[in-house]
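Number of protein chains: 2
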Amino acid sequence: MSFAYSEADKAAIYKVIAERRDMRHFLPTPIASELLQKLLQAAHHAPSVGLMQPWRFIRISDATLRHSIHKLVDEERKFTAQAIGEFDDTDRMAEFMRLKVEGILDCGEVLVATLCDQREKHIFGRRTLPEMDLASVSCAIQNLWLAARAEGIGMGWVSLFDPQQLAQLLNMPEGAKPVAILCLGYVNTFYKSPMLVEEGWTTEKPLADMLMENGWQNNERQP
Amino acid sequence: MSFAYSEADKAAIYKVIAERRDMRHFLPTPIASELLQKLLQAAHHAPSVGLMQPWRFIRISDATLRHSIHKLVDEERKFTAQAIGEFDDTDRMAEFMRLKVEGILDCGEVLVATLCDQREKHIFGRRTLPEMDLASVSCAIQNLWLAARAEGIGMGWVSLFDPQQLAQLLNMPEGAKPVAILCLGYVNTFYKSPMLVEEGWTTEKPLADMLMENGWQNNERQP
Numbered sequence: 455m456s457f458a459y460s461e462a463d464k465a466a467i468y469k470v471i472a473e474r475r476d477m478r479h480f481l482p483t484p485i486a487s488e489l490l491q492k493l494l495q496a497a498h499h500a501p502s503v504g505l506m507q508p509w510r511f512i513r514i515s516d517a518t519l520r521h522s523i524h525k526l527v528d529e530e531r532k533f534t535a536q537a538i539g540e541f542d543d544t545d546r547m548a549e550f551m552r553l554k555v556e557g558i559l560d561c562g563e564v565l566v567a568t569l570c571d572q573r574e575k576h577i578f579g580r581r582t583l584p585e586m587d588l589a590s591v592s593c594a595i596q597n598l599w600l601a602a603r604a605e606g607i608g609m610g611w612v613s614l615f616d617p618q619q620l621a622q623l624l625n626m627p628e629g630a631k632p633v634a635i636l637c638l639g640y641v642n643t644f645y646k647s648p649m650l651v652e653e654g655w656t657t658e659k660p661l662a663d664m665l666m667e668n669g670w671q672n673n674e675r676q677p
Numbered sequence: 455m456s457f458a459y460s461e462a463d464k465a466a467i468y469k470v471i472a473e474r475r476d477m478r479h480f481l482p483t484p485i486a487s488e489l490l491q492k493l494l495q496a497a498h499h500a501p502s503v504g505l506m507q508p509w510r511f512i513r514i515s516d517a518t519l520r521h522s523i524h525k526l527v528d529e530e531r532k533f534t535a536q537a538i539g540e541f542d543d544t545d546r547m548a549e550f551m552r553l554k555v556e557g558i559l560d561c562g563e564v565l566v567a568t569l570c571d572q573r574e575k576h577i578f579g580r581r582t583l584p585e586m587d588l589a590s591v592s593c594a595i596q597n598l599w600l601a602a603r604a605e606g607i608g609m610g611w612v613s614l615f616d617p618q619q620l621a622q623l624l625n626m627p628e629g630a631k632p633v634a635i636l637c638l639g640y641v642n643t644f645y646k647s648p649m650l651v652e653e654g655w656t657t658e659k660p661l662a663d664m665l666m667e668n669g670w671q672n673n674e675r676q677p
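Protein sequence lines, in the order shown, are assigned to chains R and D.
Whatever position you read off the first sequence (first residue = 1), add 454 for our numbering.
Whatever position you read off the second sequence (first residue = 1), add 454 for our numbering.
Please keep in mind that the hints were generated in silico from the structure rather than gathered at the bench.
A portion of the hints provided could be inaccurate.
Copies of the same chain look alike in the list, so a pair counts if it fits in one copy or across any two.
To be verified - Below, simulated PhoX-like cross-link-like pairs (lysine-lysine); rule was C-alpha separation at most 20 Å, straight line:
no., residue 1, residue 2
1, LYS492, LYS525
2, LYS659, LYS532
3, LYS554, LYS646
4, LYS532, LYS575
5, LYS492, LYS659
Just so it is clear, the structure is predicted and the values come from calculations on it, not from any experiment.
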């Protein structure tokens with residue numbers, strides 16, 4: 455017995471995987487709450503280590519709070535630019551500062567995705583790899599991303615923030631940790647390629663560079 | 455202009471998100487290498503922080519190596535059981551030992567997913583949250599999981615292993631880190647619910663428990 459989906463269904467799934475983009479440009483059009491709920495339900499179908507379901511989502515509907523979150527991100531953007539300047543050079547720093555790295559004030563919805571508190575209770579699959587809770591939350595976010603793309607909604611994952619400051623802003627308890635500011639919204643267009651490629655910030659490496667067999671080999675192609 | 459997919463395409467995408475399972479029971483039928491390549495290409499379409507593409511996949515085609523990996527997992531299974539016994543009680547430990555936690559020796563393909571080395575070069579989106587590389591690899595694994603389900607192939611993510619020992623077994627360089635042993639294979643049936651629910655290990659909490667607005671609230675339902 456085959457459990458494979460129809461060719462049409464498979465094509466839709468491969469299409470959404472290929473067409474999903476990390477968006478920074480949004481239209482302000484609001485997202486209907488039923489639709490947002492549907493997207494969150496897709497996230498909630500994610501796998502999780504030991505079925506701990508460590509994801510929590512905080513919807514930011516308060517405009518003042520949205521501005522405070524934007525401010526945190528903008529501060530970290532400058533610290534990141536400095537760090538890039540020190541590691542690379544000032545040209546690279548200037549290039550970074552020209553990039554649009556978030557659309558927090560422009561998008562229809564802002565969600566903060568966080569790791570729950572009291573995670574130490576969950577040992578299954580985490581004794582040697584406690585960070586598997588983040589892996590589970592990331593799978594949930596990827597589900598949300600794909601469902602959003604299918605609905606014609608763009609999403610951007612912003613990780614330019616100080617997690618302690620954001621946790622404080624959101625009254626999060628000890629042990630809980632924010633891992634993503636998610637901007638969701640309708641868009642004028644989806645980027646054809648990842649925005650960082652379109653903007654000339656970096657290039658993509660091919661799959662062949664990522665594959666090895668039976669052990670680590672130096673698989674990086676020489677330029 | 456709407457970028458939403460057709461109703462049929464959206465339905466296929468929601469279906470695969472809902473029907474994906476973390477599998478532990480497999481048939482030994484091999485997976486055609488073109489199909490495996492297609493699944494890996496789906497993984498490779500994942501988003502990544504600063505477009506760093508930190509995922510590496512090591513295909514385990516050597517039977518002896520597969521057995522060595524299984525041995526590592528079985529050792530960690532016993533350490534985990536002990537830790538659960540100490541944290542909870544001996545009944546819970548016994549329940550854990552009765553669960554099938556992996557299908558490494560049964561499945562058609564084993565892949566090890568790892569974080570690449572030299573990750574410290576990538577500052578964008580990681581200055582305050584260096585673990586965003588794991589988030590990216592997890593998105594890639596979720597893509598692989600969904601594509602596999604659409605192809606009628608089950609996948610299980612095993613995180614019961616000592617990452618240092620597995621890294622050594624695979625000759626991984628300093629800085630690289632294995633984060634998943636992925637079992638892929640055809641199956642007799644897909645679990646109707648997550649296996650840990652079917653086996654009575656735990657129950658699932660509803661989405662409503664995961665949602666908050668404008669800050670952390672005690673959203674856990676009272677029993």
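Now the hints, each set against the structure:
1. Within a single copy, LYS492 and LYS525 get their C-alpha atoms no closer than 29 Å, and across copies no closer than 42 Å, so neither meets the 20 Å cut-off.
2. Taking CA atoms no more than 20 Å apart as the test, LYS659 paired with LYS532 passes in neither setting, with 28 Å inside one copy and 40 Å between copies.
3. For the homomeric pair LYS554 and LYS646, the shortest alpha-carbon distance inside one copy (16 Å) is at most 20 Å, but the shortest distance between copies (43 Å) is not.
4. In this assembly of identical chains, the alpha carbons of LYS532 and LYS575 lie at most 20 Å apart only when taken from different copies (18 Å versus 37 Å within one copy).
5. Taking the shortest alpha-carbon separations for LYS492 and LYS659, only the inter-copy value of 17 Å comes in at or below 20 Å, while the best intra-copy value is 34 Å.
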